[in-house]
Amino acid sequence: MFLASAGDPLFVDGINFAVALAVIIKVVLAFAFLLVSVLMMIWFERKIISDMQNRVGPDRAGPWGILQSLADGTKLFFKEDLLPDRADKRIFRLAPYLSAVPAFLSFAIVPIGGTITFGHYTTELQVADPPIGILFLLAMSAVAVYGVMLAGWSSGSKYPLLGSVRASAQMVSYEAALGLAVAAVVLYTGDLSTRAIVTGQEGLLRHILPSWNVFRLGFVPFFVFLIASTAELNRPPFDLVEAEQELVGGFHTEYSSIRFALFFLAEFMNTITMSAIVVTLFLGGPDGPGFHFLRWLWPILWFLGKTLVLLFVQVWLRGTLPRLRYDQLMDLGWKVLIPGSLVWLLILGGMLISFKWGLIVLGISVLFGAALIRARSLGAQRVGEVGS
Amino acid sequence: MTQYLPILALFIVAALFAGLSFMASGLLAPYRPTDAKSAPYECGIVPDREPAERFPVRFYLVAMLFIIFDIEIIFLYPWAVIFKETASPVFLLVEMLTFAATVFVAFIYLISHGALDWGPLKRLRPMAPISPARTSESTVRRIRPAARDEAA
Amino acid sequence: MMAALFPLLSVLHPVLAVPTIDRLVFAVCAVIVLSGALGVVLSSNPVYAALSLVLTLFGVAVLFVEEDAQFLAAVQVVVYAGAIVVLFLFVIMLLGVDRQESMRSERLPAQRPLALLLGLAALGELLALSRLTHWSTGPRGASGAPATGGGGNTAALARSIFTTYLLPFELTSLLLIIAVLAAVVLARRPGQHPIEPPALVETDDSNLPMPGPDPDEEIDGVRNVDAESIGFGGGRGPQ
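Residue numbers (our numbering), protein chains in the order written: chain A, 1 to 388; chain B, 389 to 540; chain C, 541 to 779.
Be aware that one or more of the hints could be misleading.
[As the list claims (entries may be wrong)] In silico negatives: residues of chain B with every beta carbon more than 10 Å from chain C:
no.	residue
1	L404
2	F405
3	F410
4	A412
5	L415
6	T422
7	A424
8	S426
9	G432
10	D436
11	A451
12	M452
13	I456
[Claimed, not checked] Computed list of lysine-lysine pairs in DSS-like fashion (alpha-carbon distance at most 27 Å, straight line):
no.	chain 1	residue 1	chain 2	residue 2
14	B	K472	A	K79
15	A	K47	A	K79
16	A	K158	B	K425
17	A	K356	B	K472
Bear in mind the hints are in silico, worked out from the structure with no lab data behind them.
Even glycine gets a Cβ: it sits at the ideal position worked out from N, Cα and C.
For reference, chain A alone in the conformation it holds in the complex (with noise of 0.2 Å):
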């Protein structure tokens, strides 16, 4: 069973005038989708949290307030743009830019329906579907460090300088534990392609369950890639990075106007698009049953809902827990995440050949648990041997 995926079918006749205005179409759209839903995912959140802590929330600009992030956006327009004179200017202007166009280009491929077709063209609904398809994301995260690490260095300023440190830090460990989340998918999937890892998921498990990765891979990488999602975009419990208590405003102190906006927007925008992602990956994309009268229309829906239950999670997970210590963050990562989902990894490829197998790579896996718990006490006792 093989899936090559061959890209988008609309370009299998090269590049004319009606190619080239439906990757225009799209791109508009998809740029327009997402200032749209960063506006309502700001407000979304703020109107949820505020539930959870019986407030009533912003409620004046609009009905039910739902103005309010425009209107907070047009405000940062109108505000000084300030340039602190400690700052390194040319990178201190670079920075939004490193962190809001990966934040836009991520969103690129993630698979939103499923095909549509024009005259004799058939187009997939997602911006674009290189083959290397979840990589992109992957190089698109690695690229968002520089703009909060940068950001911070060229503030010429203690906090922001403190929180860059830490973010990148934070950000560069979770980032090992997302990629081995997502290796197990491209293990069942065979390809690194989102869209053959959507049509991959098509279908059911044991007549009963969807045949979505969440349950095929047997949750583990599904959560492990929740939780380094999660770490990845500095949201809490994970916000160190802007732990208002310690560092003001972590790597953004510094910044006002309209580059402060961009931070903003990036982070919502990452927000939006990794739950996207974890839609994609783990719980089939556009798929759902439905009703084939909506035609393209249905897996679209599908898309939006699963999309919204998980962001409501990551609200729900910001009104409810308190943040983690930075010695906990790291411990989580390094010592939990990384080798829990090697292991789990591995042991999937084992139960892909046998049972046997499976056993087997369980059984070595088991072995080296106890050493790292070992090595865990031992290092406890060491601490400060290294570094410091």
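Once you have looked at the hints, place chains B and C on chain A.
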């Protein structure tokens, strides 16, 4: 190659959006810098020291360890892609197990040297000595109404 | 002179045969790569040099995509830009060397001529390779993708790594172990021994101060906190 055309287009749109917002903000926003505004923000306290120039070596170890895992992950992806189609999956699995075990040994070595322990040294705090003389009668002072009246 | 140029022209000949769009992409990337490389060499600020390196790596990644080596392009960004340059930046930050370096003083005097020599040698090697070897991905098929026997670039690469180049792959893991060992040795504090867990201290509890105010002290009903014990010092309250 053409599959990346939409990404290029989105890149251009995103960069244009960011650039145009800066321009718009430059036109709309006031610009009246003062010494106080352009000083590093320290909650109102006048900054008198440069930000720290050096950071704990442990950050370097984290980045080093990340490179190692990143290389492992980047090998895992092609491995995962061909795992289902290959004629000899057992061979492939053993290969990757050997590789992962070797990397894991390095990881365990690092952990056992406490290189990833960030917290303060976890030590047992000596227990507060308990003496039989310390009861609620001897340690808690009760303010009797009489004493309060005398004080007043 | 012309005789010396002839091999160079015959090397360039396939370049001139490719479609315009590819030539355009190549030209743009070449400018990006070269300006990044010059930035690395010429900037006196190490952070700028590291960022220029990222620019070069991106240019090379796009060149890889252009050659349909898509997986390599991803590796280029994820590993090189995402991990290795991040390590460089960490080192720059944690050593605090983000000051301007003087370009004039030279600690290793032989460095520059040696670099020139090695660079020329690498260029010669590349030119020789482009003439002599056959490329594992094969020529481009009619559809534009290289003929790789199904499954695209990543699968073709995987088949070669895990069969033909198995030994180098496994040796990579040893290389990684060496890197970890070196990192620990470098980061170790000299002459530091593991810290013994502290023994429980035997205390004579008769000497311990009682919490709370001294029973003999006059109570004024207002101040019954021992100021000294919580660190305010003096112990003088309003009388």
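We went through each hint and held it up to the structure:
1. L404: Since the minimum Cβ distance to chain C is about 18 Å, L404 (chain B) lies beyond 10 Å and the statement holds.
2. F405: Nearest chain C Cβ is 20 Å from F405 (chain B), so the label holds.
3. F410: For F410 (chain B), whose nearest Cβ neighbour in chain C is about 20 Å away, the distance exceeds 10 Å, so it holds.
4. A412: 27 Å, holds
5. L415: Non-interface label stands for L415 (chain B): nearest chain C Cβ at 29 Å, farther than 10 Å.
6. T422: 27 Å, holds
7. A424: Since the minimum Cβ distance to chain C is about 26 Å, A424 (chain B) lies beyond 10 Å and the statement holds.
8. S426: Holds, because the least Cβ-Cβ distance between S426 (chain B) and chain C comes to about 20 Å, which exceeds 10 Å.
9. G432: 25 Å, holds
10. D436: 19 Å, holds
11. A451: 4 Å, violated
12. M452: 4 Å, violated
13. I456: 5 Å, violated
14. B:K472 <-> A:K79: 56 Å, violated
15. A:K47 <-> A:K79: Holds, because 25 Å separates the two Cα atoms, which is no more than 27 Å.
16. A:K158 <-> B:K425: Answer holds: K158 (chain A) to K425 (chain B) is near 16 Å, not above 27 Å.
17. A:K356 <-> B:K472: 17 Å, holds
Consistency note: the structure conflicts with the earlier hints numbered 11, 12, 13 and 14.
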